[in-house]
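K.L.:
Given chain L's structure and the hints, the job is docking chain A onto it.
If you read the sequences in order, they're chains L and A. The numbering used here puts the first residue of the first sequence at 2, with every later residue one more than the last. The numbering used here puts the first residue of the second sequence at 463, with every later residue one more than the last.
To be clear, the hints were calculated from the coordinates, so they are not data collected in a lab. Computed from a predicted structure; not experimentally measured.
If you only want the chain L side, here are some residues facing chain A, beta carbon under 10 Å, derived:
hint, residue
1, PHE130
2, GLY132
3, ALA134
4, SER138
5, ILE220
6, LEU224
Positions of the beta carbon are idealized from the N, C-alpha and C atoms, including for glycine.
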Amino acid sequence: MRSIISFVLLLIITWGISLSLDRIPFGESKTHVGDYYIEKGREETGASNVVTSVVVNYRGFDTLGEVTVLFVAAIGLSAVLYTRRKKQKGEVEPASLVLTTGCRFLFPLILLFGAYIFIHGHLTPGGGFQGGAIIASAFLLVYMGCRGRRISETGSKTVESLSGLIFLVVGLIGLAVGGRYFLFNFLPKGELNSLFSAGIIPIIYIAIGCKVGSELGGIIDRLVEESG
Amino acid sequence: MILIVGALILLMLAAAIAALFFKDLINAVIASCMVSLIAAILFYLLQAPDVAMAEASIGAALVSAIFIIAIRRTQRNEE
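So that you can see chain L by itself, here it is in the shape it has in the complex (with noise of 0.2 Å):
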């Protein structure tokens, strides 16, 4: 019986939405704010990648929110799992010598690949939430390879908080010169398609990715001592 009442509910709760969707067009855009981004983003930032020049750029702020809301997340799972550091128990098995081998020789690569992307964000897809995801990766092939390996964690946490220093401190400084709103773009902007372009973008990028890459790592690495 109550399966019954709940299907009849399911299906007039699906009516209701597919009805109310059928009432928006599909496939055209009904403000004019994503045409103005893909005609003026290119002269008016100097990115060649228009995601970027909208993340960065036009949402900006938005951006440091999500920064900040990834940092919270660190911050409560470090308090969730806080324990007394157990002294090393000694008997963790090492691996085999061809998986110690491959993921030192692969984590460098990682490494840069995932640099790469955030240092090229302004001009090919994906950038510092991308990058910093794929470094994150890399540690946790690490943790996962190489037994008993641990990337220091003041190291992490260095460079964690001066990259999160850096995006507020460059924002602040385009504030203060631009006078008209946070992260104001107030570097020159370059060529189009060129490394160093696109004014305060590269700089962000990269601080946002070495933020993303060791909050992302420091949770694994909490993840990883918990589980001993």
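P.N.:
Structure of chain A alone, referenced to chain L:
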């Protein structure tokens, strides 16, 4: 093109249903990892390469690893 996308969507649905019905949790995590991977391929085919990167690295790699770590930490007596 539309055939490839359709086949990938069917495969993704099959993996999602398999993730629901697997008794062993590790198998379920692998199946949900497969859902993320196919979603990444679909994003790439639909010309959203940056979303594809985020989905592949976070959805397929990090989330699966966190799930597996959590499952290893808890009791595993579902077999």
